[in-house]
Each structure stands twice: as C-alpha cells, then as structure tokens.
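Chemist: Below are the chains, spelled out letter by letter.
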Amino acid sequence: MPSVPDKRMTEDEVVAELRDGMTIGIGGWGSRRKPMSLVRAILRSPLRDLTIVSYGGPDLGLLCAAGKVRRAVYGFVSLDTIPLEPHVRAARQDGTVEAMELDEGMLLLGLMAAAWRVPFLPTRAGLGSDLPAVMPELRTVTSPYPGPDGGPGEELVAVPALTLDVALIHLNRADRAGNGQFLGPDLYMDDWMALAAERTYLSCERVVATAELAEAGPFHTQRISRLHVTGVVEAPHGAHFTECSPDYGRDEAFQRHYAATAASPEAWEAFRDRFLAGDERSYQRAVDTWREERG
Amino acid sequence: MSTDAPTRAEVCVVAVAECFRGDGERLCNPIGTIPMIGGRLARETFEPALVMTDGFATFTTTTLPPGTDPYHSEGGRLRIACEVEAWNPYPQMFTVLWNGRRHVMMGASQIDRYGNQNIACIGDWHRPKAQLLGFRGAPGNTINHTTSYWVPNHSPRTFVERVDVVCGVGYDRAAALGPIAARFHEIRRVVSNLGVFDFETPDHRMRVRSVHPGVTIDEIVAATGFELVVPDEVPQTRLPTDAELHLIRHVIDPAGLRAGEVRE
Numbered sequence: 335m336p337s338v339p340d341k342r343m344t345e346d347e348v349v350a351e352l353r354d355g356m357t358i359g360i361g362g363w364g365s366r367r368k369p370m371s372l373v374r375a376i377l378r379s380p381l382r383d384l385t386i387v388s389y390g391g392p393d394l395g396l397l398c399a400a401g402k403v404r405r406a407v408y409g410f411v412s413l414d415t416i417p418l419e420p421h422v423r424a425a426r427q428d429g430t431v432e433a434m435e436l437d438e439g440m441l442l443l444g445l446m447a448a449a450w451r452v453p454f455l456p457t458r459a460g461l462g463s464d465l466p467a468v469m470p471e472l473r474t475v476t477s478p479y480p481g482p483d484g485g486p487g488e489e490l491v492a493v494p495a496l497t498l499d500v501a502l503i504h505l506n507r508a509d510r511a512g513n514g515q516f517l518g519p520d521l522y523m524d525d526w527m528a529l530a531a532e533r534t535y536l537s538c539e540r541v542v543a544t545a546e547l548a549e550a551g552p553f554h555t556q557r558i559s560r561l562h563v564t565g566v567v568e569a570p571h572g573a574h575f576t577e578c579s580p581d582y583g584r585d586e587a588f589q590r591h592y593a594a595t596a597a598s599p600e601a602w603e604a605f606r607d608r609f610l611a612g613d614e615r616s617y618q619r620a621v622d623t624w625r626e627e628r629g
Numbered sequence: 002m003s004t005d006a007p008t009r010a011e012v013c014v015v016a017v018a019e020c021f022r023g024d025g026e027r028l029c030n031p032i033g034t035i036p037m038i039g040g041r042l043a044r045e046t047f048e049p050a051l052v053m054t055d056g057f058a059t060f061t062t063t064t065l066p067p068g069t070d071p072y073h074s075e076g077g078r079l080r081i082a083c084e085v086e087a088w089n090p091y092p093q094m095f096t097v098l099w100n101g102r103r104h105v106m107m108g109a110s111q112i113d114r115y116g117n118q119n120i121a122c123i124g125d126w127h128r129p130k131a132q133l134l135g136f137r138g139a140p141g142n143t144i145n146h147t148t149s150y151w152v153p154n155h156s157p158r159t160f161v162e163r164v165d166v167v168c169g170v171g172y173d174r175a176a177a178l179g180p181i182a183a184r185f186h187e188i189r190r191v192v193s194n195l196g197v198f199d200f201e202t203p204d205h206r207m208r209v210r211s212v213h214p215g216v217t218i219d220e221i222v223a224a225t226g227f228e229l230v231v232p233d234e235v236p237q238t239r240l241p242t243d244a245e246l247h248l249i250r251h252v253i254d255p256a257g258l259r260a261g262e263v264r265e
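Residue numbers (my numbering), protein chains in the order written: chain A, 335 to 629; chain B, 2 to 265.
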C-alpha cells in the first residue's frame, strides 16, 4: 500500500505561511466548528489587512476586535445563542471594517464559482433587494437563452467568484495527509471553502490513521479529500469555545464572557491579556483556570 | 374539559398556523418561537403533510417544542432524539429554497406598506447606527418562494413608511422587476401582536385582515407608521379551538415559551 504524504504542522507554522492583505476563508457556521486555534494563532501574529470570508461567528469577531480585518465578506455574523456578534457590530458601527454583506445563499454560490473556476454563478437572489444598491460591485447578467415565456433572456444576479488565498477549516478527525471527516450534524460549507482556496489548512480534534476514519463514522462523513488540503494541525479543543459536535458542545459560559468584552476597550484588553497573549496551550490552561475560579 | 381563556400569544400562534393553510407538502420553515409553535400546530391539525425541520440539519416528523436541541453525543457518536425524514444540512437548504417548495416565516425589524422587510441594520448601510442580522437569507427567500412575517412588537418603529434597507423584497419592488423575474414572489401574510395583515388589494398595499381580540382598529392605525388599507368590515382574528389550546399548552409548547414573545 502506498504511504500517504505527511502534512502535519503546528498552528504557528500555518500562520507563518500567511501574508498581510490575504483573502482567508474560515469554515464552520456562526459559533459552530470554527478553527479557533488557527484564529488565535493569527491573533498573536503581526498579520493585518486581511479579507475574511465566513459564515461568521466569533472567528470574525475576534479578528475584528484585534484589528486584523480590512474587509469582511459574510452572509451573517452570529454567536447562535447570542444572536448578534458584538465585536462585529461595533466594527460596523464604528466604520473600522469594510463589509461585503451577502445573502447567505449567494455566499455559497461565490465559493462554488471559485471552486469551479468560473467568474460568477447566476441567481435570482438579490433581485429587487437593496443588495446591488449598497454593493455596486454586484453585477447582473442576462441569460443567453429565451425566458420562460419564450421572450428575452432573464436578468439574474451574477455572484462573483470568491476566490480565497487560504481556507482554514476545523474537522472532527483527519489523517496526516489531510483527509478530513465531520462527525456532527452538518459539514456547513467547509468543502466549498477548501475547494475555493489556493491552499487549505485543516485543523482537527484528532489525527488518526486513515483506516481509523471508517471506525469513527460511515464513509459518507469523509467529505474532505487530501487533494485540497495543504496542511494538517492536530488541535484538541481547537474549536473552543464554539461547538464541535459530537466531541463537545459550545462553551456557553465562556462565550458569554467573551461577548461581554465588547462593552469597553478595557474589558477587551483584559480578555486579550488573560487568554490570547500566549500560545494555544496557555490559552487552554487559562480557560481551565477561569472555569475553576467560577467553581 | 374546562379551559382557561386563550392568551394573546395563543391567538398569535393560531394566526401563524393559518398562514400555512393550503400549503400541502411544502417545507414549512417558521423562524422564531411563536412562528415555530404556529407551524407545528398547523401540521398537527389541518395541514398534516407539511415538512418541518428540527431547527438544525434534518427534516423531522417529531413535534419538537421550540428551543429543543435534539442532538447529543453518546460514546463519542452523534445521536438524534427525533424521527428523521431526511438530512437537510445548510448547503442543501439553499438548494431547497432556490427550488421553491418552501414557505418561510421571518422576523422583520422594519416592514413597509408593500412588505419590504429590513433585518440588516438601522440607518445608512455603509455606516449603520445599529448593525442587526445582515441580509441573511431574506433576498433569496422572498424572490424564490412564499414568505410571511412575524412582528411581535407592532409599533411605528417596526411598521414604517420606508425601511432603511430592503432585505426581503416587497410587492412594489417585485412589480418593478416584472412578472417573469417576480414569478415566484409571494408575501402571504404579516402577523403581529395586534392583528393579521395581507396584501390582497389591487396594488398590493398592506391591508388589515383581522384584529386580535381586545385590540381596536384605532390602536392598530396608531401603531402603524404608514396608511393601512382598512376594509369597512374587519373581522376579529379567530380564537383557538379547545383542541388547539390543548396542543399548544400540553404538546407543542409545554414550557410556555410563547408568553415570552408577546405580552398580554
């Protein structure tokens, strides 16, 4: 049997591959299965001026709070149990971040267009709404085929390809070559993120032998192929404080603590100093200590 | 069986359920507590073929109380405590909605006389006074399939002359697109804590369809920031039957979450 490539690396090695101004797609959905250990590694790097493409949650919130984001491309930004992401709200209201706010489905079409290497995909979504008015970069396209009544071709919105320099995704399991497996209810758009990117870095709860993936779940859950993965990071609890079902649920208490830090610059700085100043191991230790203190 | 008088929230639940009457085998996708209870009530009673989600990634026949998370982990394996009809993860949901066999009930931070809806932000979109949800699925939903709205806080701040950002497409915008582009557009109803509204007027302006018990037309007019079409005779919103009250109180929402969304 041929041996698969070994693509294992650390969070900091991934971030060393990133550059200022890059367009980075982040997998997961809201506050669910986010590659948070990779996000935390970006937070402690000097990277800046990033364009972040995300079904947004605390990934985008943290990156905005830390001043890493020039442009945010999203369908929504939510912490699920806290409907509005407070740091992203603040960034929008203070005008510190440029926004491309799409219909949720349009964002998927943009990733699909990038994945399939076509310049756009047509959709009815957006017609009649204010999306084209507030984002004039969204263009329309006229169908070359007759309309349903035999008349002229329909005019549709042309969602531009959202080509990513890099995608960051977090899965439950992967092998060392980057074959990834989700064990929760939903893959979200992680497969499209990986396909839309030049390079994808996959973090996971556990790196296992390829043969062990089939023991964790049916092969239908092995949805990410190493074809589209550049690096693999083993990151136990790497999605904390977001949900990583069925390995663990969302840390609601910690999420509330995080959300409260949007109340003042002092609260954010205290949070950053306590939890985000060191590496991933020190983050996990600081969270354990915080939990013990609360009793 | 003696039954306490229906509450306003329970009247709203039934008004929501009525929005889905006649939908048949369609995805009934109400968002919010009272919409979810109303959708489940419709399926439990007069619209049994409706398809509904578990709130996450499946279609389920199980009548889940609002706010239920049916997923749990058992020895590291995902388990689900409901009867699954089909797996419907988010990417698939977009395919379902673009395909059209869906009736969504969304909220509205602002809604105008033609049913244009805003959930994105208050103020100028480029520099909002208050960032809200963003466009979410509203543009795609309204142009692809039937949509209704639930507004639990009817006031001149929610029923407005002009919405700050058009997320969900209303009838004037749909008319401007023309009959081909707008052929799947339908804003069926708006249910608020005060009454039920539709667009069954010649130019699709919002009309008072019924007034909830205990509410007057004058109150509704005063709470609305634009001119409503008010027919000469406005019926009262129908009361829940005893069987419906039993289902709402003991089967669908035994925890009484509906009271948290609408005050008496």
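Heads up, a few of these hints could be off.
Here are some chain B residues pointing at chain A (derived, C-beta under 7 Å) [unchecked claim]: (1) Phe47; (2) Pro49; (3) Ala50; (4) Leu51; (5) Phe57; (6) Phe60; (7) Gly76; (8) Pro90; (9) Phe95; (10) Val97; (11) Leu134; (12) Leu240; (13) Ala244; (14) Leu246; (15) His247.
Lysine to aspartate or glutamate pairs mimicking DMTMM-like chemistry, simulated, CA-CA at most 25 Å apart [claimed, not checked]: (16) Lys341(A) <-> Glu568(A); (17) Lys341(A) <-> Asp354(A); (18) Lys341(A) <-> Glu600(A); (19) Lys130(B) <-> Glu488(A); (20) Lys130(B) <-> Glu568(A); (21) Lys341(A) <-> Glu471(A); (22) Lys130(B) <-> Glu600(A); (23) Lys130(B) <-> Glu471(A); (24) Lys130(B) <-> Glu432(A).
What the hints contain is simulated information worked out from the structure, not anything from laboratory work. As the structure is a computational prediction, the values presented were derived from the model and not from experiment. Positions of the beta carbon are idealized from the N, C-alpha and C atoms, including for glycine.
Chemist: For each hint, tell me whether it holds in the structure or not.
Modeler: Now the hints, each set against the structure:
{"no.": "1", "hint": "Phe47", "result": "violated, 31 Å"}
{"no.": "2", "hint": "Pro49", "result": "violated, 26 Å"}
{"no.": "3", "hint": "Ala50", "result": "violated, 25 Å"}
{"no.": "4", "hint": "Leu51", "result": "violated, 22 Å"}
{"no.": "5", "hint": "Phe57", "result": "holds, 5 Å"}
{"no.": "6", "hint": "Phe60", "result": "violated, 13 Å"}
{"no.": "7", "hint": "Gly76", "result": "violated, 9 Å"}
{"no.": "8", "hint": "Pro90", "result": "holds, 4 Å"}
{"no.": "9", "hint": "Phe95", "result": "holds, 4 Å"}
{"no.": "10", "hint": "Val97", "result": "violated, 10 Å"}
{"no.": "11", "hint": "Leu134", "result": "holds, 6 Å"}
{"no.": "12", "hint": "Leu240", "result": "violated, 32 Å"}
{"no.": "13", "hint": "Ala244", "result": "violated, 34 Å"}
{"no.": "14", "hint": "Leu246", "result": "violated, 30 Å"}
{"no.": "15", "hint": "His247", "result": "violated, 31 Å"}
{"no.": "16", "hint": "Lys341(A) <-> Glu568(A)", "result": "holds, 11 Å"}
{"no.": "17", "hint": "Lys341(A) <-> Asp354(A)", "result": "holds, 24 Å"}
{"no.": "18", "hint": "Lys341(A) <-> Glu600(A)", "result": "violated, 40 Å"}
{"no.": "19", "hint": "Lys130(B) <-> Glu488(A)", "result": "violated, 36 Å"}
{"no.": "20", "hint": "Lys130(B) <-> Glu568(A)", "result": "violated, 42 Å"}
{"no.": "21", "hint": "Lys341(A) <-> Glu471(A)", "result": "violated, 38 Å"}
{"no.": "22", "hint": "Lys130(B) <-> Glu600(A)", "result": "holds, 23 Å"}
{"no.": "23", "hint": "Lys130(B) <-> Glu471(A)", "result": "holds, 23 Å"}
{"no.": "24", "hint": "Lys130(B) <-> Glu432(A)", "result": "holds, 15 Å"}
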